[in-house]
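Engineer: Take these sequences, add in the hints, and give me the full structure.
Heads up: the protein sequence lines correspond to chains D and S, in order. Offset between the first sequence (1-based) and the working numbering: plus 4. Offset between the second sequence (1-based) and the working numbering: plus 4.
Hints may contain errors.
Copies of one chain are not kept apart here, so a pair can be met inside one copy or by any two copies together.
To be verified - In the DMTMM-like style, the derived pairs of lysine to aspartate or glutamate whose C-alpha atoms are separated by at most 25 Å in a straight line are:
{"id": "1", "residue 1": "306", "residue 2": "219"}
{"id": "2", "residue 1": "72", "residue 2": "192"}
{"id": "3", "residue 1": "25", "residue 2": "109"}
{"id": "4", "residue 1": "72", "residue 2": "24"}
{"id": "5", "residue 1": "262", "residue 2": "219"}
{"id": "6", "residue 1": "202", "residue 2": "192"}
{"id": "7", "residue 1": "304", "residue 2": "65"}
{"id": "8", "residue 1": "251", "residue 2": "270"}
{"id": "9", "residue 1": "138", "residue 2": "20"}
{"id": "10", "residue 1": "155", "residue 2": "48"}
{"id": "11", "residue 1": "298", "residue 2": "24"}
{"id": "12", "residue 1": "72", "residue 2": "219"}
{"id": "13", "residue 1": "138", "residue 2": "113"}
{"id": "14", "residue 1": "274", "residue 2": "329"}
{"id": "15", "residue 1": "72", "residue 2": "20"}
{"id": "16", "residue 1": "202", "residue 2": "330"}
{"id": "17", "residue 1": "25", "residue 2": "113"}
{"id": "18", "residue 1": "138", "residue 2": "187"}
{"id": "19", "residue 1": "138", "residue 2": "222"}
{"id": "20", "residue 1": "306", "residue 2": "48"}
Everything labelled a hint here was simulated from the structure, so no lab data went into it. Every value quoted in this text rests on a predicted model; they were computed, and no experiment measured them.
Number of protein chains: 2
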Amino acid sequence: MQRTSLSTLGEFGLIDRIAEKFQITNTSTVKGIGDDAAVLRYGDTSLVVTTDLLIEGVHYDLRYVPLKHLGYKAVTVNLSDVCAMNAKPKQITVSIGISNKFYLEAIEEIYEGIRLACVQYGVDLVGGDTSTTKSGSMLSITAIGEATADKIVYRHTANAGDLICVSGDLGGAYAGLQVLEREQHLFDIDPSMTPVLKGYEYIVQRQLKPEARKDVIEMLAGLDILPTAMIDISDGLSSEILHIGTKSGKGAKIYESKIPIADETEAFAKELQLDPNTFALNGGEDYELLFTIKQSDFPKLKNNPDISVIGHITEHAGVFELIADDGTAIALQAQGWKNFAL
Amino acid sequence: MQRTSLSTLGEFGLIDRIAEKFQITNTSTVKGIGDDAAVLRYGDTSLVVTTDLLIEGVHYDLRYVPLKHLGYKAVTVNLSDVCAMNAKPKQITVSIGISNKFYLEAIEEIYEGIRLACVQYGVDLVGGDTSTTKSGSMLSITAIGEATADKIVYRHTANAGDLICVSGDLGGAYAGLQVLEREQHLFDIDPSMTPVLKGYEYIVQRQLKPEARKDVIEMLAGLDILPTAMIDISDGLSSEILHIGTKSGKGAKIYESKIPIADETEAFAKELQLDPNTFALNGGEDYELLFTIKQSDFPKLKNNPDISVIGHITEHAGVFELIADDGTAIALQAQGWKNFAL
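Structural biologist: Structure follows, in structure tokens:
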């Protein structure tokens, strides 16, 4: 057998390589691999289905992630994918693998976080599986959402001239991760120290307890805006803009000064003498929505404090530019999650 | 925090304890935790959703399980749960966790097995996730199936007097596992030996390449038989009969002489000086269907070589008896999979 290292392909390369060997054969399958979620259709109802794997030591560190937060976040990151299809999350299944070291009370803490997310988003836990592992823990969650069939929004349908919008603020989750890892590192050196999280509450919260922006898709529906394309920001703004642009066969131009960044994120970046835009562009895990709208919809959104218009889609397929504050154009690059390249 | 060991609860105890804290709130959720699959409803169409976790070292041993078989089996065990609801499998998602030691070609072998199962059962791969692990591999598969709403069959709906039927033969998968583990053990002692699988082809196949009995649910539909209750045999016949009986608030009586056992399974049990019925009752992983039918449906099935009528449901709630060949009654006990008790 030939032996090709996974690092030469990366995650997206692996997925593309697998996907091309599989055919879609059922009439109920509208969209398979390649978006935030698969799309199935039954009459006028479309369902979206998405799944995420969270593995201890790869996606989370139990030294500083509380179990309840782990459960909550494991659910919300999946619901975020459902919202990114403009669908409403309805059901989840949760499979959990835990070593014999786990006690019942620890598992109940994880499920308490899962339950809180279910209550918060009106989602039913309908199934799952439980197993021991040889070591470490993992969670595998599948989420199902509903929408009327003509309201589903994909990644590949942005048009030239469309405005690029983003909800909330970016870079905070990555900043929060840096704080947590810094304090953990100091604690490892000196276990008598007390982690300092004061002054970092917002960014730590962004990392530990991200929300799915169901409120944004409800707000857009209320304003009678159907985005032309949408994706959630799990891998950083750059990577997601490239996904929408590439799948739509278009380019994009975004403006550095328009990227929404919270004061606390900016202050922490300055503390590290780093550019806060880097956190927003490449940090990931913000779980905000990135979407494109027709220019004619702009008046409905322009005074919305929770939505930033950061640029527009262009005809120049494959050309993705960040316009810096001084007017220079920098090529956007996907520097998101590279799990397999480690 | 209190510390209660999981072994005091077992898997089913844990699931019950978790399930009772969760409420169902969406109208599309017909059935949550507690059957082979969850049931969702959209108009006249019911969907069933089921998910299984397979963890290396717990559920499979890559020293003797070929990667292609692993992929195939990971799919079919999920499709078996779909069939057990009397639904037709249509879509799957596959999440896979692998260590950096895995090469692309090894992953492609797993996916080739997954693809073969998709082709065999007319199922679409519609999504998934990929991740590295710290060590070992794991697969998490979710399967979705469809049925018209009035054709879904649950575990809890068996009636006194119903006949208990089982498809195919039982105990073979467990026998096959014993052969594989025996040969692996001999190989570990003397790596120059060649594993002897000749004469054990059928039982090894039962272990490595189980099928979902989609053909059985199609056959039953063709005969105009709607089972009154159904479950797939993943944990051994005893455990599954107890599930149907307990959830239906009934008892059951089955006859040892009626349990279908293949010649090769019987021969191997004799070789080990064991009772082949033990393999059938407690072995598990046969993925045959256990179902109950009204007595009036018996004539339609009585000459079917692939279906054995092994007993009947009784009014005596909680009384589960195995009638031995000499006429004595033995209490049936669930001795299936006890992952958490290890």
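Engineer: Check the structure against each numbered hint from earlier and tell me which ones fail, lowest number first.
Structural biologist: Of the numbered hints, 7, 8, 11, 16, 19 and 20 do not hold.
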